[in-house]
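Take the sequences, apply the hints, and build the full model.
Number of protein chains: 2
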Amino acid sequence: MQLTRPYLLFLGEATSFLDAKTAAGLRDWCPADVVGQYALPACSVDLGLPVLTPAEAAARGAGSLVIGVAPVGGAIPPAWWPTLFAALEAGLDLVSGMHTRLGDIPGLAAEAARRGRQLFDVRHAGRHFSAGTGQKRSGRRLLTVGMDCAIGKKYTALTLARDLAARGCAADFRATGQTGIMIAGRGVAIDAVVADFIAGAAEWLSPANAADHWDVVEGQGALFHPAYAGVTLGLIHGTQPDALVLCHDPLRATIDDYPHCPLPTLAEAMRQYLTAAHVTNAAARFVGISLDTSRLDAARRDALRRDWEAEFGLPVIDPVRDGAMRIVDVLLREFPCASN
Amino acid sequence: MQLTRPYLLFLGEATSFLDAKTAAGLRDWCPADVVGQYALPACSVDLGLPVLTPAEAAARGAGSLVIGVAPVGGAIPPAWWPTLFAALEAGLDLVSGMHTRLGDIPGLAAEAARRGRQLFDVRHAGRHFSAGTGQKRSGRRLLTVGMDCAIGKKYTALTLARDLAARGCAADFRATGQTGIMIAGRGVAIDAVVADFIAGAAEWLSPANAADHWDVVEGQGALFHPAYAGVTLGLIHGTQPDALVLCHDPLRATIDDYPHCPLPTLAEAMRQYLTAAHVTNAAARFVGISLDTSRLDAARRDALRRDWEAEFGLPVIDPVRDGAMRIVDVLLREFPCASN
Numbered sequence: 027m028q029l030t031r032p033y034l035l036f037l038g039e040a041t042s043f044l045d046a047k048t049a050a051g052l053r054d055w056c057p058a059d060v061v062g063q064y065a066l067p068a069c070s071v072d073l074g075l076p077v078l079t080p081a082e083a084a085a086r087g088a089g090s091l092v093i094g095v096a097p098v099g100g101a102i103p104p105a106w107w108p109t110l111f112a113a114l115e116a117g118l119d120l121v122s123g124m125h126t127r128l129g130d131i132p133g134l135a136a137e138a139a140r141r142g143r144q145l146f147d148v149r150h151a152g153r154h155f156s157a158g159t160g161q162k163r164s165g166r167r168l169l170t171v172g173m174d175c176a177i178g179k180k181y182t183a184l185t186l187a188r189d190l191a192a193r194g195c196a197a198d199f200r201a202t203g204q205t206g207i208m209i210a211g212r213g214v215a216i217d218a219v220v221a222d223f224i225a226g227a228a229e230w231l232s233p234a235n236a237a238d239h240w241d242v243v244e245g246q247g248a249l250f251h252p253a254y255a256g257v258t259l260g261l262i263h264g265t266q267p268d269a270l271v272l273c274h275d276p277l278r279a280t281i282d283d284y285p286h287c288p289l290p291t292l293a294e295a296m297r298q299y300l301t302a303a304h305v306t307n308a309a310a311r312f313v314g315i316s317l318d319t320s321r322l323d324a325a326r327r328d329a330l331r332r333d334w335e336a337e338f339g340l341p342v343i344d345p346v347r348d349g350a351m352r353i354v355d356v357l358l359r360e361f362p363c364a365s366n
Numbered sequence: 027m028q029l030t031r032p033y034l035l036f037l038g039e040a041t042s043f044l045d046a047k048t049a050a051g052l053r054d055w056c057p058a059d060v061v062g063q064y065a066l067p068a069c070s071v072d073l074g075l076p077v078l079t080p081a082e083a084a085a086r087g088a089g090s091l092v093i094g095v096a097p098v099g100g101a102i103p104p105a106w107w108p109t110l111f112a113a114l115e116a117g118l119d120l121v122s123g124m125h126t127r128l129g130d131i132p133g134l135a136a137e138a139a140r141r142g143r144q145l146f147d148v149r150h151a152g153r154h155f156s157a158g159t160g161q162k163r164s165g166r167r168l169l170t171v172g173m174d175c176a177i178g179k180k181y182t183a184l185t186l187a188r189d190l191a192a193r194g195c196a197a198d199f200r201a202t203g204q205t206g207i208m209i210a211g212r213g214v215a216i217d218a219v220v221a222d223f224i225a226g227a228a229e230w231l232s233p234a235n236a237a238d239h240w241d242v243v244e245g246q247g248a249l250f251h252p253a254y255a256g257v258t259l260g261l262i263h264g265t266q267p268d269a270l271v272l273c274h275d276p277l278r279a280t281i282d283d284y285p286h287c288p289l290p291t292l293a294e295a296m297r298q299y300l301t302a303a304h305v306t307n308a309a310a311r312f313v314g315i316s317l318d319t320s321r322l323d324a325a326r327r328d329a330l331r332r333d334w335e336a337e338f339g340l341p342v343i344d345p346v347r348d349g350a351m352r353i354v355d356v357l358l359r360e361f362p363c364a365s366n
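Protein sequence lines, in the order shown, are assigned to chains X and L.
Residues in the first sequence are numbered from 27 upward in steps of one, following this note's numbering.
Residues in the second sequence are numbered from 27 upward in steps of one, following this note's numbering.
What the hints contain is simulated information worked out from the structure, not anything from laboratory work.
The model shown is predicted, which means the values in this text are computed figures rather than measured ones.
Errors might be hidden in some of the hints.
[Said to hold, decoys possible] Simulated crosslink set (SDA-like; lysine to any residue; CA at most 25 Å straight-line):
1. X:Lys162 x L:Lys162
2. L:Lys162 x X:Tyr284
3. L:Lys162 x X:Arg212
4. L:Lys162 x X:Ser156
5. L:Lys47 x X:Ser156
6. X:Lys162 x L:Cys287
7. X:Lys162 x L:Thr280
8. L:Lys162 x X:Gln298
9. L:Lys162 x X:Asp282
10. X:Lys162 x X:Pro97
11. X:Lys162 x L:Pro285
12. X:Lys162 x X:Gln298
13. L:Lys162 x X:Thr280
Below, the structure written as structure tokens:
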């Protein structure tokens, strides 16, 4: 699957940045591949990109309109369909990370075929996976895990892969969600795999590698998420991580969109993640904590960092503010590279 | 989905009873719906049923040939295809619980259409599910959980549903695997659901019900199974069980087919199951332990039962030998019914 770049980011009727996290991730991680944004009138999110219609974006060289918002349930609302047809008419391909396939929208596949355009459903791997083996394989793996969905697991993994590479370590970002796949150009949307093959797909995603090579795997969901924890657990078992980083938003007290589901403490979350990880890697351990501190004042941020560093003996970072070098330091110390 | 009964059970080239557990389950739990067995020459399993060709079975009134064996990986081997065509020719429908669809076998769908016969893939629900809500719903739920796959979870659930009904409680067996669905005539093959919707499918399977009604839900996999634990965790979260029964084979020391994966202790397994169950039902608790003691002598069986009853304060049963009344006694005591 080779997506057609650069992208026009479609924001639909998003009213929060959480809804538009796919678009924001593309803006932050592959800005050279993004020409602008386009939204419906009800949208109140602005990514600060040039506002372009599909025709204007095509005139500036865009290759695809990317659906950059994730509505609850994963379906593409009929209100968005006219924009998708307009993009095809303007000569753009379409890229979607929804569970619903673009081809399920009445007439869209025929219109794309008529205009010689392509429909990319990055959430559908288009291949079958095997059951997990649980067999140890060579190479090192780090998995970001979280207190909830949409809490920095992808951002942290991208930052770690970048900072490991900057220190001379061989490292690959391994995408497990639609935005990550759009950024990396490859990966497996692990939440769209048939349930029996979650761990097997995770094994396939990070194959055997050189002994000091790092796969930095994007985590999904949370072990205590009432809807998605099965995805999380299979991803942990198949990844067999040597190292884990816990991602958190200190202002999040309950699961997003599930106000009846409180979050556990960080210590309890770590305990559950280690129990799960030890099933396929007895040496799995935490190497850091990654926080979204964007809505905290400096005093609160510093206090939290100090308290949790003391409690857990691990570096506490905000990857947006600080990068991930302090966690890379731990990795280099505990897992020496031949080249360092 | 209404399957055409009675069944002719096809055993393929099975060489162990574990391979033929689907066929054995149908023989044990709906014997009036089974007319006979049929196998290829390499098969060494005998269920003690009349041996009938598809044509002979059709002459005795059979409605379907059921694939009663589960090969590793879930694919239907080409060596079996001639039998499937012969069954259609004899006038039988086909029923399969494989991941591979019957319609993927070259020419089979066309042959079925030509003869006016139906292909039933019970592992494929043919419907979409929503994400889990984690919202509490009325009615009571018991889930069987296990130390491994193929360790008595379905058998225990069927026995509990039967024994609850015998004591005057409203109770339904809720099938989550292919054999259970063939026995019950309905259900969801939870391991074939898209990973994001495991918990949602489990919520759909046991909907809100009368306050003292029991859904007895068939468990799947194990929380510490390196391939299938994601299915197990999503099923627990979606079922929101009030009561759990732990199923075990005392001679099983490692995960079946995964000799590098040792089983935890029963106490550790219970701790992990309760941690998972408490995410969506803080009152979840164990009410019994169900053992397969078929390969133990009487002294060993009695000693294990005595030791584990003392350690856990729960009834320890073998559902094949003893039924499940001692666990039903616990349920009636701890969850009084209006009618008892």
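Q | Which numbered hints fail | A | 1, 3, 4, 10
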